[in-house]
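Protein chains: 2
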Amino acid sequence: MIESGLERVIPAFRSVCGEDGVSLSEAVREQHGRDESVHRCCPPDVVVWPRSVEEVSALAKICHHHCLPIIPFGTGTGLEGGVGAVEGGVCFSLRNMDRVLDVHQEDFDVTVEPGVTRKALNSYLRDTGLWFPVDPGADASLCGMAATSASGTNAVRYGTMRENVLNLEVVLADGTIIHTAGRGRRTRKTSAGYNLTNLFVGSEGTLGLITKTTLRLYGVPEAMVSAVCTFPSVQAAVDSTVQVLQAGVPIARIEFLDDVMIDACNRFNSLSYPVAPTLFLEFHGSEKSLEEQVTVTEEITRDNSGSDFNWARDAETRGRLWKARHDAWYAALALRPGCKAYSTDVCVPLSHLPQIIVETKEDLVLNRLTGPIAGHVGDGNFHCIMVMDPNDQDEVTRVQEFTERLARRALALDGTCTGEHGVGLGKRALLREEMGPMAIEVMQGLKATLDPKNLMNPGKVL
Amino acid sequence: MIESGLERVIPAFRSVCGEDGVSLSEAVREQHGRDESVHRCCPPDVVVWPRSVEEVSALAKICHHHCLPIIPFGTGTGLEGGVGAVEGGVCFSLRNMDRVLDVHQEDFDVTVEPGVTRKALNSYLRDTGLWFPVDPGADASLCGMAATSASGTNAVRYGTMRENVLNLEVVLADGTIIHTAGRGRRTRKTSAGYNLTNLFVGSEGTLGLITKTTLRLYGVPEAMVSAVCTFPSVQAAVDSTVQVLQAGVPIARIEFLDDVMIDACNRFNSLSYPVAPTLFLEFHGSEKSLEEQVTVTEEITRDNSGSDFNWARDAETRGRLWKARHDAWYAALALRPGCKAYSTDVCVPLSHLPQIIVETKEDLVLNRLTGPIAGHVGDGNFHCIMVMDPNDQDEVTRVQEFTERLARRALALDGTCTGEHGVGLGKRALLREEMGPMAIEVMQGLKATLDPKNLMNPGKVL
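So the sequence lines, in the order shown, correspond to chains C and U.
For the first sequence, the positions run 1 to 462 when UniProt numbering is used.
For the second sequence, the positions run 1 to 462 when UniProt numbering is used.
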């Protein structure tokens, strides 16, 4: 594309964001051992680094005029190839817009620009007694998390991005700036018109560029305690989860790791957990309420033949415990040095979890694949971290076939092909199966209305 | 319209739902003293009572072919004129579709048809240990509640319909049937494609007819306790609310009533609450957790000069206490026998509540209007129940001007012109001010895509 005329447009980009704000042919890629055989790296033709919404709008207008694809880029930590420039075009790296705006302590809300990551926000909030709990693992940009409808370990208690975004500033494909709930609005609820906020949350950059997001905040819990508990079977771990939720325990995190994942974590972090289905738990609340939450949960896990709890009370021990969970990706990679990984993502109703996990583990063995399982079991959401040799075409094919079978297994159990990673490049065909042709047609209609030239992150989702 | 050719279409309606399923010129109206001078009753030309989604689809196809407006009707309890047939047309009364389908106890979900009201569902669930908490006061149809994005007294703890609808079956204007999250899907979270579910939640019948909704359920709390507490000022009541939320108390209900409202409740229900700003509170949880929630809340209210709590522990006393709150509408009406009422609805960030309530009370006095205030203070949402003589045109005009000033006051404080009643007929101009012209254009684009002939509930929202 560069050769065929994009260079004529570059001066216009430079007039908006200066010499340093435009870079030619620089691949924007994520390098954490992610497997390019699943989502090939597709560098854009140009990268621009706007510093304000006005610059984003001006740049979008240029792209719109010249019919150039626009690829929004936050931190590049997404897992379904969402930032790949499959048709070339202009990558909008938003990292230079990194201000935390308008913390309203009494109203429990904050507005952030797209360069602000979740860790940066929580550092910023440290002295306010407030925090933002949605935690997808990676230190993703909050606007990127809104774009992909991210969630993670705390969602069982605090919800996903869908429940926690109050307003978005969005630049549409033609450069128009809108505020999905009206400019500056930040009420905890509203019935005013169509819910544009949740149309853009999870749209993966295909409907517009998110340049600001207003988020709900929460009071930092008075106390937290974490625990690890081992089970004789997947069924016992899941039964415990269902019963804990039925008992109304407001559990903050309830994470499942299968025997293979635990074994990998043990090796990677020099730990010695029993190699068995395991739950990592975390409780938030007052000291008194923690006591009760823990008592009820312990009773339930014991009734399901769970082990005694392995406790982590102080911040440091809790940090160590959760590091093991958060390092799952690297622990999985370390099982086969030199290999790459791809993390799958499906979600089913809770009661179907034991069946799908057992069947999936059989499938992995049968097809000689390495895929430790970790999941947000309180939401019915889990991942297989597929470790593979990218040079072994046969293995790569087996992984691709396996992930499709897994998604179809979820679909057959009233589930979804993605609970939190999104559709991106890889799950478009599965999305069609999940939604049916009529709902897909509705989605295509919405896309065509908001982006008639199909410039926003083309090739993704639909 | 009947005269101009609609009668040619009637046989087609009858062929779908039989002789008894079609009625000519029958006004479908709500008769609880609602003021028609604010939203005039506009009867449709025809009412149809389909018994299945297939009949809804077949009837919609006939309307689409003949360009007849379609007005979905649940229980008619909406407050912003949403069921008025302002351009005539066909009212789809969905009360004959009244099955509760597929209760999944382990997964905490249920699917209902549009004739099922929230009270009917909770009766049905009585022996399951589960309940659906969203409670807008009226015994509304659950699909209607989805259509209007309803909420009410429990939203501070359990969220609104936006957070509690997992999937919808929708018939579009041309008769196409879609499932917003894919047929039969009911996962607690998903990132699969655009969030169609929350596009239809709150669309007030202008994008399609909701023929099924899948809802999240909750475990019935082990214990509940309610209390009433009186304050020297609005500020003290609101400060208490903010501090209770900051302290992380998972309060289930925190309702504000101003002195005028309390006075009305006292008269209507022969009660003797002090005539002052008052909070009605409810706590849900285990016995132990209630104890702690109550202790923390009492400390906070005392620090803000609140009275001692007036307790309601057993179900009967709690019922009596909340009856007073739920009877607010009738208590307000009883202030001026022979008058009618209109309930306003705005929502602001919590910290702005004292200012807007104080200014609004001054406005009421200045303009000689009767408008007791009741609100879901934990969400920043409140109502003035405007009691007026419908034959006094001057008073009606003053009410209309007052409600617009109130909405604009909310807009000036980062708020919304409607927290839960919706836009309907009355707030279209305010919605434009709230959203700005560009966001309205986006909404119009979405409407035109899904309903190009503008047949779905025309004249509402946009």
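FYI, nobody ran anything at the bench for these hints, they're computed from the structure.
Mixed in with the good hints there might be a few duds.
[Stated by the list, open to error] Simulated pairs of lysine-lysine, DSBU-like, Cα-Cα distance not exceeding 35 Å: (1) C/Lys447 <-> C/Lys323; (2) U/Lys323 <-> U/Lys361; (3) C/Lys453 <-> U/Lys453; (4) C/Lys447 <-> U/Lys447; (5) C/Lys61 <-> C/Lys361; (6) C/Lys340 <-> C/Lys61; (7) U/Lys119 <-> C/Lys447; (8) C/Lys61 <-> U/Lys340; (9) U/Lys61 <-> U/Lys447; (10) C/Lys323 <-> C/Lys119; (11) U/Lys361 <-> C/Lys447; (12) U/Lys119 <-> C/Lys453; (13) C/Lys323 <-> C/Lys361; (14) U/Lys447 <-> C/Lys453; (15) U/Lys288 <-> U/Lys340; (16) C/Lys340 <-> C/Lys361; (17) C/Lys61 <-> C/Lys323; (18) U/Lys340 <-> C/Lys288; (19) C/Lys288 <-> U/Lys323; (20) U/Lys119 <-> U/Lys361; (21) C/Lys447 <-> C/Lys340; (22) U/Lys453 <-> C/Lys61; (23) C/Lys323 <-> U/Lys323; (24) U/Lys61 <-> U/Lys453; (25) C/Lys288 <-> C/Lys447; (26) C/Lys119 <-> C/Lys61; (27) U/Lys340 <-> U/Lys361.
Taking the hints in turn, this is what the structure says about them:
1. Annotation: proposed proximity of C/Lys447 to C/Lys323 is violated, straight-line Cα distance about 40 Å (limit 35 Å).
2. A distance of roughly 25 Å separates the Cα atoms of U/Lys323 and U/Lys361; the hinted pair therefore holds under the 35 Å criterion.
3. Restraint check: the Cα-Cα separation between C/Lys453 and U/Lys453 comes to about 24 Å, which is no more than 35 Å; the hinted pair holds.
4. Under the criterion of a C-alpha separation no larger than 35 Å, the hint pairing C/Lys447 with U/Lys447 is consistent with the structure, at around 13 Å.
5. About 50 Å separates the Cα atoms of C/Lys61 and C/Lys361, which puts this hinted pair outside 35 Å; it is violated.
6. A threshold of 35 Å between alpha carbons decides the hint, and for C/Lys340 with C/Lys61 the separation of about 39 Å lies outside it, so the pair is violated.
7. Distance restraint check for U/Lys119 and C/Lys447: the Cα-Cα separation of roughly 39 Å exceeds the 35 Å cut-off, and the hinted pair is therefore not satisfied.
8. Proximity of C/Lys61 to U/Lys340 is assessed by CA-CA distance (about 53 Å); at most 35 Å being required, the pair is judged violated.
9. Between U/Lys61 and U/Lys447 the alpha-carbon distance is near 18 Å, which keeps this suggested pair within the 35 Å criterion.
10. Pair hint C/Lys323 plus C/Lys119 holds up; C-alpha atoms about 15 Å apart against a cutoff of 35 Å.
11. Straight-line distance between C-alpha atoms of U/Lys361 and C/Lys447 comes to about 46 Å, which puts the hinted pair past the 35 Å bound.
12. Restraint check: the Cα-Cα separation between U/Lys119 and C/Lys453 comes to about 48 Å, which exceeds 35 Å; the hinted pair is violated.
13. The hinted pair formed by C/Lys323 and C/Lys361 meets the criterion: a straight-line CA distance of about 25 Å does not exceed 35 Å.
14. Simply put, U/Lys447 and C/Lys453 have alpha-carbon atoms about 19 Å apart, close enough for the 35 Å limit, and the pair holds.
15. In summary, the hint linking U/Lys288 to U/Lys340 is not supported, as the alpha carbons are separated by about 45 Å, beyond the 35 Å threshold.
16. Only pairs whose Cα atoms come within 35 Å are accepted, and C/Lys340 paired with C/Lys361 is accepted, the gap being roughly 20 Å.
17. As the CA atoms of C/Lys61 and C/Lys323 are separated by approximately 44 Å, the hinted pair breaks the 35 Å bound.
18. About 50 Å separates the Cα atoms of U/Lys340 and C/Lys288, which puts this hinted pair outside 35 Å; it is violated.
19. A distance of roughly 33 Å separates the Cα atoms of C/Lys288 and U/Lys323; the hinted pair therefore holds under the 35 Å criterion.
20. A threshold of 35 Å between alpha carbons decides the hint, and for U/Lys119 with U/Lys361 the separation of about 34 Å falls inside it, so the pair holds.
21. Our distance criterion of 35 Å between C-alpha atoms is met by C/Lys447 and C/Lys340, whose separation comes to about 34 Å.
22. For the suggested pair U/Lys453 and C/Lys61, the alpha carbons sit about 31 Å apart, so the restraint of at most 35 Å is met.
23. For the proposed pair C/Lys323 and U/Lys323, the alpha carbon gap of about 51 Å is over 35 Å, so the pair is violated.
24. Restraint check for U/Lys61 and U/Lys453: satisfied, since their Cα atoms lie roughly 12 Å apart, inside the 35 Å limit.
25. Of the pairs offered as hints, the one joining C/Lys288 and C/Lys447 is violated, with about 50 Å between alpha carbons and a cut-off of 35 Å exceeded.
26. Note on C/Lys119 and C/Lys61: the hinted pairing holds, with a Cα-Cα distance of about 32 Å set against a maximum of 35 Å.
27. As the CA atoms of U/Lys340 and U/Lys361 are separated by approximately 20 Å, the hinted pair is consistent with the 35 Å bound.
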